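Asker: Spelled out, the chains give:
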Amino acid sequence: MQIRTLIPTKGFTLAVGLSALLMTTTAWAQDYSEAPMLAEQVAAGTLPAVDERLPVEPRVIAPYNEIGTYGGVWRRAFTGPSDDRGPQKLMEPRIVRFVQTAPGVFGIEPAWASSYEVNEDSTEFTFNIREGLKWSDGYPVTTEDVLFYFEDVVGDDNPWPWPSLLQQGDSRAVVTAIDDLTFKVTFTESSPLFITRLGREYVWMASPAHYLSQFHPNYASEEELAAAAESFGVESWQDLWGRRGKAESFWLNPELPTLSPWTVSTPPPANQVIFERNPYYYAVDTEGNQLPYIDQISHDLFQDPETLNLWVAQGRIDLQQRHMGVGNFPFFKENEAAGDYEVVVWSGLEVDTLWPNQTTNDTVMAELFQTADFRQALNIALDREAINEIVFAGLTTPMQAGPPEGSAIYNADLIAKWAEYDPDTANALLDGLGLTDRDGDGYRLRPDGETLEIIITTPLFASNIDMLELVSEFWGDIGVKTSLDVVERTLYLDRVNANEVMMGHWPMGRAAFFLIDPAAYAATITDQPWANAWGAYRLDRGKDFAVAPPEGHMLYEVWDKVDAALTASSLDEAAQIGAEILQLHAAEPNWIGVVGAAPSLYIRSNRVGNFPEGYIRDDITRDIGIIPTEQLYLKE
Amino acid sequence: MTAYIIRRILWFIPTLLAVSIVSFAIIQLPPGDYLTVLEAQMGAEGDYSPEVVERLRERFGFDQPFIVQYGKWMWAMLAHGDLGYSFEWRMPVSSLIGQYMVLTVAVTVTTLVATWIIAIPIGIYSAVRPYSAFDYIATILGFIGKATPNFLLALILMWLAFSYWGVDVSGLFSPEYANAPWSWAKVGDLITHMWLPIIVLGTSGAASLIRQMRANVLDELQKPYVEAARAQGLPEWRVVLRYPVRVALNPFLSTIGTTLPELFSGAVTTAIVLNLPMAGPMLLRALISQDMYLAGSYIFLLSVFTLIGTLISDILLTLVDPRIQFDEA
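Chains A and B, in that order, are what the protein sequence lines are. Offset between the first sequence (1-based) and my numbering: plus 1. Offset between the second sequence (1-based) and my numbering: plus 22.
Isolated chain A (complex conformation):
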């Protein structure tokens, strides 16, 4: 993919192209079609007609293959209350959305906004709300909802913190309403990544003021709040708000007006969570059929991954990638006919990576990890090809950690660096560091006379013990002892937070456009601790182990560049700076990437239509949310 596709100018062309399309749309404004279940309600007089429900200019979504048919239940599975991101990604109520027009070609389109304009130096962003846009309860969406969001929902005394997306150093972006349907976001410095980040961050830009204000202390009295809390069965009005808020959560409150294609009708803790079509959804297909095509989405609760695998084999899953392990590929393939589905492969952009903590509290090891030759030796001692074949059935790509090919910004040098198997050079490098003495078992001794031993802490869920055992064998070959510390995921995080991890294990991800979340490169992400104490210094959250990197360390340059990218004058310039960050890391990688770009497996029932193959899946571009799920349909 080219960077071009993500830059604002492209956004402009898309917006322009779209309005051209919309002109034709208005021509058929009279003959919109709707789902039979809605037509029934219209006939019964309980719902207004479809052209009254749709905005004047609906969003037009072109189906991938063909115009779909209405109806049906899309069956999926979920693991419990913390799995809300699964359904969420199918139906995010975004103002702009990522699109992937062909494998690896990304763009960003206005969604519930009809268009947006960006000024010359990317400091002012003007959004136009679709005229006649309605919440799922039929109430009109106006800038009042936008102001409610920024004044009462996010910010200091509000239920949500102020989004980092709208923060530049100490100054905050200002949101002003121009008229009922137009609003402007103004930054003090340029913010070229703003639109792209809007496609990814959990910042919805509007909240249904007419409904949610009744649960807000700025609008409701204490008694009203207490009564509301009681009616939802919670202790305090605060519990009504937030990601798990009983009133505000998209999947806990069937009453909540949303801008999503589906809204929850049976919320958790039901064992089967059901979503139903939003009758006021603002998009149509190219023939004027109101979307979504699919009536309902159901999510069945499962405990054990094996249960899900059996469900897949029996054809109880219509379309899902979440919780489908790559290791089950043979099983899924074997049962394609029995379950009447197909395994559709998308490419993933994650790299399975080991993170040598250069600031581990074992000072001898910290010093070794800071030595480039030592990291190189550990890197080239790994036969990545063998690991790929033995552990991953040859489905992954042996590589150094970095954004894989297919990412918006990618650096071929970085992902190739130190990824060749060369144990002789590795041994020579270690000898060159003076690590020549051996203990009784043949392991090298550290400068302080102890056995050179690396302890890898790995969270249970992410770890592939088979892989780590191979790693420890390869390192054993060059005289480095390795032991594994397999811990529960929470404990892993706890240990990192206390800087008690010598070497971490976690995939490097979010590569599609890494500048949106560059924390791994800036050492400021907890789960990828290659320089834990230095990252803590940068984050400045009062960790007692935080310490500044040594003078002249490349991290200073990386941090400057990360800041510079966020306030670059254009996305082009930001991308240029992003490329420089990768180049800095490519010189002497700070980590040990093993294999990556593993396929993402979508179980797709043969009755599901309009689902593309071979796309790139990444959290940044919202996983399956990158395709308009509205245009999926079920063939009966």
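No lab work stands behind these hints: they were computed from the structure. Quick caveat, the model's predicted, so the values are computed rather than measured. Any given hint could be a false lead.
To be verified - With a straight-line cut-off of 20 Å between C-alpha atoms, the simulated EDC-like cross-links for lysine to aspartate or glutamate are:
#: 1; chain 1: A; residue 1: K334; chain 2: A; residue 2: E614
#: 2; chain 1: A; residue 1: K544; chain 2: B; residue 2: E73
#: 3; chain 1: B; residue 1: K94; chain 2: A; residue 2: E236
#: 4; chain 1: A; residue 1: K334; chain 2: B; residue 2: D190
Given chain A, work out where chain B should sit, using these hints.
Answerer: Same frame as chain A, now just chain B:
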């Protein structure tokens, strides 16, 4: 007898108090708390925000010492019958666990009864006709059942059902009944799904029951009173059922108290493997996510059931065996 029962029930109070303190403490043992779990989750999803975590810490009172948190929980339970609040689900524990508890008790009690119905006659028959072909078959099956871990048996049966009949035997309801209100059709659906958990949970229990029953009855059959009964011309079935079996039942009745918790805990892994909407999986999830009031309430309720089980077994014991007297002093 009434006085005895009342006294026993009064003893529940200190016992449950002790159980609740211990379970609450154990839940708190692992490092971190629910918010650490939440942080981990948010970190992995890239929307970590220290402000949110800080607010929740205050909101849920995690900044308070252990004894205060425990005290609040206990007080709410005693004063308002309020089991506390589930952080993970953001709802009162009591409204969350009702349906799970009902299904758990239903499955467990049915399993217990089914085990008895199957195991006791087999045990008696094996004792009356020891070393017969039937005895050997029952013994072999019993030992296999005893030696196979529940979850493995569940996996094997699921796999067999899937590969030979292509049916899914997991869960307690078909998808179309999962959310349906209770009706006869739903009960019917439940019954058609219940046989598998009963087999899985009951097999090892039935196996040991058969062995115990066989040994007990065999012992009794040698005793002179059996001889005497036979000499008086009673029919054989009556001799066996009326005296040796009645005596041999003693050990079972006294173990109801321990069988119940065994079934409950056995049900955890089985319920996870079989995807049963029972208390076990929810307890496990609550423990993993350190949702302490939810986990604490489960353990507390399970302890209550255990105590009730013990009481019932003691009462049954006196009814079946007149030689056992309550100490009325």
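Asker: Compare the structure with each hint and give your call.
Answerer: Checked hints:
With a C-alpha separation of about 16 Å, the suggested pair K334/A and E614/A falls inside the 20 Å cut-off, and the hint holds. Among the hinted pairs, K544/A with E73/B is consistent with the structure: their alpha-carbon atoms are about 16 Å apart, no more than 20 Å. With a CA separation close to 14 Å, the supplied pair K94/B and E236/A stays within the 20 Å bound. Distance restraint check for K334/A and D190/B: the Cα-Cα separation of roughly 19 Å lies within the 20 Å cut-off, and the hinted pair is therefore satisfied.
Violated hints for the displayed structure: none, as all numbered hints are satisfied.
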